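**Q** Here is how the chains run, residue by residue.
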Amino acid sequence: MTEGRQRWYQVASYGLIFVLWLVVAELTDSSVLPGPIVVAAKLAEEFGSGDLFVHLGATLARVAASFVLAMAIGCAIGIAMGRSRAADRLLDGWLVLFLNIPALVTIILAYVWFGLTEAAAVGAVAINKIPNVVVTMREGARALSRDLLEMAGVFRMSRWRRLRHVVVPQLSPYLMASTRSGLALIWKIVLVVELLGRGNGVGFQLHMYFSLFDIAGILAYTVAFVAVVLALELALLQPLERRVNRWRR
Amino acid sequence: MAALGGLTICIREKRFPAVGGAGARLVLKDVVFSAAAGEFVALTGPSGCGKTTLLNIVAGLDRDFAGEIAMPVPGRAAPPTIGYVFQNPRLLPWRTVLENILLVLPDGPDALDRARELLRAVGLWESRNVYPERLSVGMSRRVALARGFAVDPDILLMDEPYVSLDPQMAQRLRILLLDIWSGRPTTVLFVTHDLREAIMLADRIVVLPRQAGPVASEIEVPIPRDRRRDEAPVEAFRTSLLNDPANGLDELI
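If you read the sequences in order, they're chains A and V. Heads up: the first sequence is residues 1118 to 1366, going by the working numbering. Heads up: the second sequence is residues 28 to 280, going by the working numbering.
Bound-form chain A, shown alone:
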C-alpha cells in the first residue's frame, strides 16, 4: 500500500466510528447516549471556560511523570533481568506478584500509606506499569545478538558506542511496544487515581459529571483525551518509528 492510500484508510476508519456513533445516537434518541454534535458543543463549552486546559493539563502532567518513572525503572530492571540469570531468578517472583496486583489495590494502599498526595498518585500509577515494562524489556534484552556484542568487544567499541549503536537499536522495537501499551494503560490508571483522591484532572471531572449524570461531559473529556493521545501517536511515535526502521528492507 502506498503512503497516501494508507493515510486515506486511516481517515476513513476514523470517519466510520463517527458515523456509527451519529447513527446509533439518532436511533436511540436517549439522554444517556448524546450524539457527537451535543458532545462537541459541551467540549466547546469546557474549552471556552478554560476548565478543559486545567484538567487535561493536570492529567497529562501525571501521565508524563508516571510514564517517565515507569519506563526508566522498568527498563533498568528488565534489561538487568534479561542479561543476568541471577537477577532473573531473584526478581521473577516479585515480577509475577506485581503483575497480578490489581491497580485499584496499589492505588488504595498508596493513598492509605502515603496520604492523598501527588507523589502517592504518580507513584501508584508507575508501580502498576513497571512490571509490564519489565516483561517487555526482559524479552528484548534476552534477544540481544551475542554475535554483535562480540563484534563490538573485539573492535573495542566504547561503552557509549555499544549502547547507542549496538544495544539500543536492538531494543527499539521493545521500547516502542512498551511506550504504546504504556501510554494506553497509564492514562486509564491516572483517571482512577484522580477519581479516588485528587482535586483536579480528567478523572476528577468524570467523577463530577457522573454524579450529575452528565454523559455529554463524560464523553467530551474522553474525546479530548483520546485526541491528545492520537496526536502524540501521529506527530511523535509514528515518525520516530519510521526513522528508527528506515534501514529495514
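For the record, the hints were derived by calculation from the structure and aren't laboratory data. Take the hints with a grain of salt, since some may be wrong.
To be verified - Cβ pair distances, simulated, as ranges:
#, chain 1, residue 1, chain 2, residue 2, range
1, A, D1209, V, G240, 35 to 45 Å
2, A, I1134, V, D91, 56 to 66 Å
3, A, R1273, V, D140, 17 to 27 Å
4, V, P212, A, W1211, 32 to 42 Å
5, V, V164, A, E1358, 26 to 36 Å
6, V, S267, A, E1256, 50 to 60 Å
7, A, E1256, V, V157, 27 to 37 Å
8, A, F1215, V, V164, 43 to 53 Å
9, A, A1352, V, E153, 32 to 42 Å
10, A, A1294, V, P260, 57 to 67 Å
Stated by the list, open to error - Negatives, chain V to chain A, calculated, CB over 12 Å:
#, residue
11, G94
12, W152
13, P180
14, E262
15, F264
All values reported here derive from a predicted model rather than from experimental measurement. Ideal Cβ placement from N, Cα and C applies to all residues, glycine included.
The hints should help you fit chain V onto chain A, whose structure is shown.
**A** Just chain V, lined up with the frame of chain A:
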C-alpha cells in the same frame, strides 16, 4: 603504519563445560605455535577440532582456558589492536556501510580518511550510504574485510570468511584480500578447512588434529606469491601434501 607484532599461542587446555546431557568436552590440548610479525598463517584441521574456539581465545572473547597468548608489539605498552573478520559479516544492519566502518575507528579527523581509503580498496565507496540488508552477500563480506583492516590491526583474525560462497565469488574475495594485505602488512591468522584456500593465501599452514592434542604439522608454502593465483601449482602442492601421511591431513576432506 603500526610496528608489526607477532603472535605466540600456547594453550595447555580448553574445555567446554557440561551442558544438559552432553558431558564436558576437551577441545584443545597443548596447542603451541607462533606467527612471526607480518606472517600469514592458515589454521586448518577437521571440522570440530576447535579452530574457531582457538580464534576466539586469541581475540579475547573466550578467557576460560589454561595457557597464554602473547602478542607483543614493539615499542608499545597498550594491548595490540585486533581486527576480526567473522564467518558471517556481523555488520550492524541499522547503520550504513560507512557508519559500520567509522564505528570501529576512534573519533577524529583521520577516521573518515581511513574509512574512505578502505572502502575504496574494496570497491564500495560508492555504496557507503547503503544499509547492509540491501547489500549482496559478496558486498557485505567486502565491508567486513574493510572493517577488519580499517582498525590497522596488529593481528587480523579471519574465521572461514569465504565459506558457503560460490567458488568464483570466493576466489575474487581471496584475491582482494591478498591485494589489500600486500599494501597493509599485518600478522594474519586465517581459519579454513579448505586446503586449497590455505595454500593460496598462507605463508605457513598449521594443522590441528581431530582429537584434542598438539599441532599435527606445520607446513611452509613454497609457492611464490605471484604464482598463487593459478590453479596448477596450488593443486600440485595440495596433492603432494595429501600424499604424505606425516602431514596429518588425511582427515581433511
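**Q** Taking the hints in turn, state whether each one holds.
**A** Quick rundown of the hints versus the structure:
{"no.": "1", "hint": "D1209/A to G240/V: 35 to 45 Å", "in the structure": "44 Å, holds"}
{"no.": "2", "hint": "I1134/A to D91/V: 56 to 66 Å", "in the structure": "60 Å, holds"}
{"no.": "3", "hint": "R1273/A to D140/V: 17 to 27 Å", "in the structure": "20 Å, holds"}
{"no.": "4", "hint": "P212/V to W1211/A: 32 to 42 Å", "in the structure": "57 Å, violated"}
{"no.": "5", "hint": "V164/V to E1358/A: 26 to 36 Å", "in the structure": "29 Å, holds"}
{"no.": "6", "hint": "S267/V to E1256/A: 50 to 60 Å", "in the structure": "56 Å, holds"}
{"no.": "7", "hint": "E1256/A to V157/V: 27 to 37 Å", "in the structure": "30 Å, holds"}
{"no.": "8", "hint": "F1215/A to V164/V: 43 to 53 Å", "in the structure": "47 Å, holds"}
{"no.": "9", "hint": "A1352/A to E153/V: 32 to 42 Å", "in the structure": "36 Å, holds"}
{"no.": "10", "hint": "A1294/A to P260/V: 57 to 67 Å", "in the structure": "59 Å, holds"}
{"no.": "11", "hint": "G94", "in the structure": "19 Å, holds"}
{"no.": "12", "hint": "W152", "in the structure": "19 Å, holds"}
{"no.": "13", "hint": "P180", "in the structure": "9 Å, violated"}
{"no.": "14", "hint": "E262", "in the structure": "35 Å, holds"}
{"no.": "15", "hint": "F264", "in the structure": "33 Å, holds"}
In the structure shown, a violation is registered for the earlier hints numbered 4 and 13, in ascending order.
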